[in-house]
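Now for the letters of each chain:
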Amino acid sequence: MRPFNIEKIDSISDISKIKSVNKQVIAGGTNLVDLMKKNVAQPETLIDITSALSKKVNLRGNLLNIDAMASNSQVASDKDVIEKFPLISKAILAGASPQIRNMASSAGNLLQRTRCPYFYDITTPCNKRKPDSGCSAIDGNNRMSAVAGYNDQCVAVHPSDFCVALAALDAQVSAITEDEKVLVIPFKDLHKLPENTPWLDNTLPKNAIITDIKVSSNAFARHSAYVKIRDRTSYAFALVSVAAALDIKGNTISEARLASGGVAHKPWRWYEAEKFLKGKSATEDVFEEAAKLATKDLKPLSENAYKIPMLQGAIVTALKDCVNL
Amino acid sequence: MERKEQYSRRSFLKISGLLTAFAAVPVSVKAFYQDVKQFLVPKKNVSRITLSVNKTSHTLYVDTRTTVLDFVREQLNLTGSKKGCDHGQCGACTIHIDGERALGCLTLASMAQGKEITTIEGLAKKGELHPMQKAFIECDGFQCGYCTPGQIMSAVACVKEGHTNSVEEIKEYMSGNLCRCGAYNGIVQSIQKVAAR
Chain A
1 MRPFNIEKID SISDISKIKS VNKQVIAGGT NLVDLMKKNV AQPETLIDIT
51 SALSKKVNLR GNLLNIDAMA SNSQVASDKD VIEKFPLISK AILAGASPQI
101 RNMASSAGNL LQRTRCPYFY DITTPCNKRK PDSGCSAIDG NNRMSAVAGY
151 NDQCVAVHPS DFCVALAALD AQVSAITEDE KVLVIPFKDL HKLPENTPWL
201 DNTLPKNAII TDIKVSSNAF ARHSAYVKIR DRTSYAFALV SVAAALDIKG
251 NTISEARLAS GGVAHKPWRW YEAEKFLKGK SATEDVFEEA AKLATKDLKP
301 LSENAYKIPM LQGAIVTALK DCVNL
Chain B
1 MERKEQYSRR SFLKISGLLT AFAAVPVSVK AFYQDVKQFL VPKKNVSRIT
51 LSVNKTSHTL YVDTRTTVLD FVREQLNLTG SKKGCDHGQC GACTIHIDGE
101 RALGCLTLAS MAQGKEITTI EGLAKKGELH PMQKAFIECD GFQCGYCTPG
151 QIMSAVACVK EGHTNSVEEI KEYMSGNLCR CGAYNGIVQS IQKVAAR
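From first to last, the protein sequence lines are chains A and B. All residue numbers for the first sequence refer to the working numbering, where the first residue is 1 and numbers rise by one. All residue numbers for the second sequence refer to the working numbering, where the first residue is 1 and numbers rise by one.
Mixed in with the good hints there might be a few duds.
Here are some, though not all, of the chain B residues that point toward chain A, as calculated from beta-carbon distances under 7 Å [to be verified]:
#	residue
1	G84
2	G88
3	L103
4	G176
Derived coverage of chain B by chain A (criterion: at least 3 residues anywhere in the stretch with Cβ under 8 Å from a Cβ of chain A; other residues may be distant) [as the list claims (entries may be wrong)]:
#	stretch
5	56-68
6	108-117
7	150-160
Hints are computed from structural coordinates only; laboratory data are not their basis. All C-beta atoms, glycine included, are put in the ideal place defined by N, C-alpha and C.
Based on the provided sequences and hints, a complete structural model is requested.
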């Protein structure tokens with residue numbers, strides 16, 4: 001770890017006052033401290049923002065508001081979240097360990113970096129770590145890598161489970177820029193695909209700070225499920241994961257949401273399958289059809305073709321779990 | 001036992017030769033060496049840190065890179081909390097911060113100021129072991145013992161959180177603590193025993 005200064009601020013507006021070319025904010029630190037130990041992140045100045053942001057989770061009218069500093073555990077165990085947004089709680093509890101969930105902030109979860117082994121290994125080329133150095137994973141150890149949305153510059157996947165649920169529920173993220181402008185970003189536009197800038201994980205302007213996450217009330221609470229498949233039963237990143245949420249009237253699906261982790265550079269929505277499910281009845285045959293539709297255009301890499309049948313199975317299982325089939 | 005001569009004639013010649021050579025190096029080269037050294041081995045930043053550990057406050061000047069784990073182990077000699085992976089993957093460094101379980105290896109000491117830290121050394125009261133410590137002994141909740149302080153801190157939190165309704169639930173909520181001896185059955189039994197009280 002390279003030496004650094006650390007400064008604690010009480011207000012977000014103080015960030016611009018800290019003059020350092022290489023500054024980085026820190027909250028829970030569960031990802032950043034690790035990256036610093038591996039010399040992947042080498043900030044000159046760390047800005048401790050834990051006192052500058054609030055940490056409440058509350059439901060006001062039709063809007064669930066999750067403050068940036070609310071811990072992952074706090075969100076997962078919040079009564080309103082469990083009752084009205086169970087998908088969020090299920091997804092968070094499928095990730096990390098109790099210790100890490102206690103420490104990690106909500107906004108930090110959204111901003112965590114990929115766990116691609118080459119991103120962590122500073123002796124190998126990686127476009128995400130060092131722009132234009134090349135991608136080692138595309139022809140290397142890529143069993144955990146993407147099967148959709150990647151290009152020859154980066155095949156990394158986004159590691160979060162929380163984000164998969166937020167993507168499925170069309171959350172909104174509020175952020176504040178360095179010149180104190182407030183941004184409201186639809187969740188689907190927060191994270192990006194590698195494009196020609198694989199070193200950028202998201203569309204936030206430089207030094208912008210996420211202040212809260214909002215999720216509108218929905219009719220999915222009764223029929224939602226999160227299925228995560230990993231190398232061991234608990235405490236591992238997803239090989240593939242599926243968040244499914246259905247709104248069922250009678251036996252007809254009036255609305256469906258389907259999103260995945262472990263698939264792409266951003267939490268991945270299966271829009272075509274969602275459209276297919278709408279208006280259909282909730283049966284296993286329909287779910288299998290939807291899973292086939294979702295996975296038909298996926299392009300596996302040299303070592304991750306297994307992800308395609310695995311995804312199909314996970315999608316069917318998640319949809320069946322929604323209706324206790 | 002007879003002590004061997006510490007400095008041989010050869011090492012005396014080597015050292016004095018090196019010193020003479022170094023004295024002859026021009027100042028500019030020395031400055032260049034300092035610059036290179038600064039680049040390769042950057043100067044550490046030291047800050048004044050006050051941590052409350054097991055209800056005792058400690059103020060020390062330490063490197064800003066110091067984690068809570070390093071602070072308690074290296075500065076306070078509280079070596080119960082273990083450094084396993086040092087990357088948040090094994091749970092051997094599990095401590096309580098304001099009563100909640102957390103990882104000492106991923107918490108910067110400077111960010112834990114103003115919070116109450118409890119390590120395994122702070123569990124026993126008046127020389128009497130904590131019920132979880134007793135249960136681990138009674139149920140053979142360990143073999144080599146390296147992961148045990150972290151396991152016990154996690155187990156105490158697991159019971160406090162109420163995640164002890166089934167073996168599966170205990171295993172899920174203890175998944176952040178790895179035991180390479182495989183004492184998991186004893187660990188689960190220890191937790192069930194304490195939870196049943």
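Results for each hint:
1. G84: 13 Å, violated
2. G88: 6 Å, holds
3. L103: 5 Å, holds
4. G176: 2 Å, holds
5. 56-68: Coverage by chain A holds here, the residue count being 4 at a Cβ distance below 8 Å.
6. 108-117: holds (count 3)
7. 150-160: Answer holds; 3 residues pass the 8 Å Cβ test.
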